[in-house]
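Guided by the hints, dock chain B onto chain A, whose structure is given.
Residue numbers (this note's numbering), protein chains in the order written: chain A, 17 to 176; chain B, 17 to 176.
Please note: incorrect hints may appear among the correct ones.
Same chains, same label: a pair holds when it works inside one copy or across any pair of copies.
Unchecked claim - Using 27 Å as the maximum straight-line C-alpha spacing, the simulated DSS-like pairs for lysine-lysine come out as follows:
{"id": "1", "residue 1": "K158", "residue 2": "K21"}
{"id": "2", "residue 1": "K158", "residue 2": "K87"}
{"id": "3", "residue 1": "K143", "residue 2": "K158"}
{"id": "4", "residue 1": "K158", "residue 2": "K170"}
{"id": "5", "residue 1": "K21", "residue 2": "K92"}
{"id": "6", "residue 1": "K143", "residue 2": "K92"}
{"id": "7", "residue 1": "K21", "residue 2": "K87"}
Derived by calculation from the structure, the hints in this document are not laboratory data.
Here is how the chains run, residue by residue.
2 protein chains.
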Amino acid sequence: MAENKPDESFLRRAIDISRERMRANLGGPFGAVIVRDGVIIGEGWNEVTTSNDPTAHAEVVAIRRACQEIKDFSLKGAVIYSSCEPCPMCLASIYWARLDRLVFANSRDDAANIGFDDAFLYEEVGKAIEARSIGTVHHPMKEALAVFDEWAIKPDRVPY
Amino acid sequence: MAENKPDESFLRRAIDISRERMRANLGGPFGAVIVRDGVIIGEGWNEVTTSNDPTAHAEVVAIRRACQEIKDFSLKGAVIYSSCEPCPMCLASIYWARLDRLVFANSRDDAANIGFDDAFLYEEVGKAIEARSIGTVHHPMKEALAVFDEWAIKPDRVPY
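So that you can see chain A by itself, here it is in the shape it has in the complex (with noise of 0.2 Å):
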């Protein structure tokens, strides 16, 4: 990636800000920017202990604000960079946010030799819901395929 300075500033933004927030005490060594047209337009990082919500990985968060920053829930022709390979939860945010690029620098197993979740994650979500290690009960109910019916006829719906 020599030749592409970019990446790498921002990159390290990202990393910068994991280690900042990290000793500031704010939650886990995770850090992300979101970058359009060469301008950051959210950072995040990881503040799942100090604001009580579970979803609040570096990633989601720089989209979270980054979506507010432009007044718009997709950020398309954006790049993320993070500090760490995104875990599903945020891989898949990335892809609702419709996100062009990813950047990143630590793997799924390293974040796995410091405790964390993330590879095993991946794991997870690949299984059969049957073979999952949460019990998941899949219970087919006519009423809520009817709320799916009415979605697609539904003139005024807003496609996201």
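What follows is chain B alone, placed relative to chain A:
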């Protein structure tokens, strides 16, 4: 599940929420409730398009609200009922929230049938990073690993 009436009652509540909030134009046709000791401690519905937050799926919103309600980042001992199978983002958030059990009605394929990406995302999350539709660069940096090393020996870290 005829032998498990509480499950069906809470699942019906999740479906009712999905219908009401969709009709109120608050977002996509999804609802979720979180129950501990037989009491609902959080409810969520899809708010992606009205809150400009692509992570505001019903399950994630329900988790956030339940955690605020009990002032804890762990929902250990609680069950989540969702009108639809959680997408990978929501499923991983359920693990991070340490929920005990998951009950859902519609499936990821039902969601795909009305245009949502859930089934596609399950495929993407399982792929090697170079095979995914989102351009991804793994760029290891020693500064990033140093932050992890620092976390591992941090005496006052709060695990989650």
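Results for each hint:
| no. | hint | in the structure |
| --- | --- | --- |
| 1 | K158 <-> K21 | between (54 Å within a copy, 16 Å between copies) |
| 2 | K158 <-> K87 | neither (36 Å within a copy, 35 Å between copies) |
| 3 | K143 <-> K158 | within (26 Å within a copy, 33 Å between copies) |
| 4 | K158 <-> K170 | within (18 Å within a copy, 52 Å between copies) |
| 5 | K21 <-> K92 | within (22 Å within a copy, 44 Å between copies) |
| 6 | K143 <-> K92 | between (30 Å within a copy, 22 Å between copies) |
| 7 | K21 <-> K87 | neither (29 Å within a copy, 43 Å between copies) |
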